[in-house]
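Student: Below, each chain spelled out in residue letters.
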Amino acid sequence: MRGIKLIPSPELSDVSPELFGRLGRALLGLVMAVCFISSCRTGGGTGGLLRILPAEGEVAAWRMKGDPQVFAGQDLFTYIDGGADIYLEYGFRKVLVQDYQGPAGKTISVEIFEMENPGAAFGMYAFKKGSKGREVGGEGRGQMGDYYLNIWKGRFLITLTGFDSDSETLIGLEALARAAEARTGGSGDQPRFLKTLPAEFVIKPSVGYFRGLLGLNSVLPALSRDVSGFEEGAAADYDTGMSLIVLRYPGPGACRTAFEKLRTALSDPARFYEFQDVGEDLAAASDAKGRTNYATPRGDLLWIVRGGSRAAVRSFLAGLDRH
Amino acid sequence: MSRTIKRREFFKDSAKIGLAFAAGCAVPFRLAGGPGDPAAGASDMIAVVTGDDFGACAVKAVDLLGGMKLFVPKGSKVALLPNVQSSHPGTFTKPEILRAVVRMCKEAGAAEVNCLSVQLRKAWDDTGLARVLQEEGAGLKLIAKDEANFEAVPIPGGKALKEARILKEHYAHSVLINMPITKDHAGNRFTGTMKNLMGLNSPASNRTFHRPNWKTDPSDIEHLDQSIVDLNTVVKPALNIVDAAEFIISNGPFGPGELLKSRKVVAGADRVAIDAYCCTLWGLTGQDVVMIKRGAEQGLGTMDLTKVRIVEAAL
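Respectively, the protein sequence lines represent chains A and H. For the first sequence, this note's numbering assigns the number 16 to the initial residue and increments by one for each residue that follows. For the second sequence, this note's numbering assigns the number 4 to the initial residue and increments by one for each residue that follows.
Since the hints were derived computationally from the structure, they do not count as laboratory data. Hints should not be assumed to be uniformly reliable.
[Unchecked claim] Where chain H lies over chain A, by a calculated footprint (3+ residues, C-beta under 8 Å):
#1 90-104
#2 141-150
#3 159-171
[What the hints assert, rightly or not] Estimated spans, in silico, between C-beta atoms of each pair:
#4 H:Thr211 <-> A:Ala303: 42 to 48 Å
#5 A:Gly244 <-> H:Lys165: 28 to 34 Å
#6 H:Arg210 <-> A:Ala76: 37 to 43 Å
#7 H:Thr288 <-> A:Phe290: 19 to 25 Å
These figures come from a predicted structure and were not determined experimentally. Glycine residues also receive a C-beta, built at the ideal position from the N, C-alpha and C atoms.
Based on the sequences and whatever the hints tell you, model everything.
Tutor: Given below as structure tokens:
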């Protein structure tokens, strides 16, 4: 078995020597080592992620470089200093990082993120992949950017990063991604909540899924702090020029409360313009970039429609009423 | 024409010099643009240089501000704070910019130039920054995250952060040059000069910037921005040199993400003005970033770019 650097949690590394003494620390180290070895052998802990890594020689011309590293739970802050929150918001368990060396000294870094469930993996995938790129691995499963590739399956998100856009690197990215995906169990079903979004005219790469304010902040920065309390959310852009954001609350009461808070925000002249209180269940205002934001509650769902022609918005809202 | 100095004037001037020297020793980092500071002329100005040779852009940007000698007195001990968060493209300060800054400091007469960091050695190796330091004869001080290596610094008037925990090694230097890369950030939407100073604060303290309920409570997200502003009130770099040459505008701060190649290096003393300028490179304004707004409100600098002297050059 290859050596693995397991980064100890701060709680353990902060254990007071006065409390345990030398003997206590030695025993603690022994227990940790036994637990770690045991977890690897049973396929739990890091073992599960190691299984997904393309093996030595599995992808021609690409060899493992150095040892894999694993970071679990809050230790993600050690690996992603200052940027771990978004992973934790979606539901993070652990990540395994392994570099590969390829032709002409090229390097690719492979990160296998184990998330809490497939919804968390898809949400993080949609957040990370960016708006541009070529699809790989089947529809909505993976995307290749200029020098990196994200792919998800089951509760795993695999991110591969090259350090340039040369053809050897791009070929290596795809080959390593396919090898890792083939070793990953679970289905690739997207969260059911995404079906709430109308499918017609949707720009598929724009579809996002949220479980908290940080994720939502990436598509709704001007309003995200006014709609807190939701359990999950989805967003997409449409060919009609319109963007839809739908948020699900614990119940109609919580949704109504969020809508009232949002209505107040939209009516704040310091933040928005041309506020329109269109009846009890519809509020609208323009933001600093000139886009109109409409908000309307329907049961436990809060809909926010941004941009688009008045005709497109009217047609969408009429469709909601028909349902 | 020679001027004769009277005895009284001589004593008066000597006292001023003595006081200035004492103040210089007591305050570990000079605040560029302060009263009587040689860099006062550059305090309301930011330099923006566009080109393909990013090291040359850094040199030109500092020249436009008046030259490195304004910020690095002869014999000084300089601490550099580049961003080395990840080795993904567009997430770390480029080695060629670091090389140019080390050389400028040495040419200005610095006695010692060191990078300070609590990051792992691997990050410095993978980014190529360690090699630059070795080749240029500059130091790399990797400091363990042990709290004993940090000094408690009260923040008078801190709204979210009442006490910072700053690297003790920082106070062994006389000049700080802040060298972030500007980029996207999932929490703040933006990272630049102000956020980079978290690199001097202890990781344990930094974790308190991220409150537990950020998922549901918007005030917890703003707590991060406010904590950064509070930290910036007690750590004052003499100069900021920002890599805005090629950086990620999605999936920040760690990447990988979409790269924007604006080919710019931005330098100046006013952190708020620099950050307000840099965020415009990818369609944001200072108003969109809580940290920048709060920084301006608390008097750290100028967010209104119409009131900032922006001097631009192309190479």
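Student: Which of the numbered hints above does this structure break?
Tutor: Going through the list in order, the structure violates hint 4 alone and respects the others.
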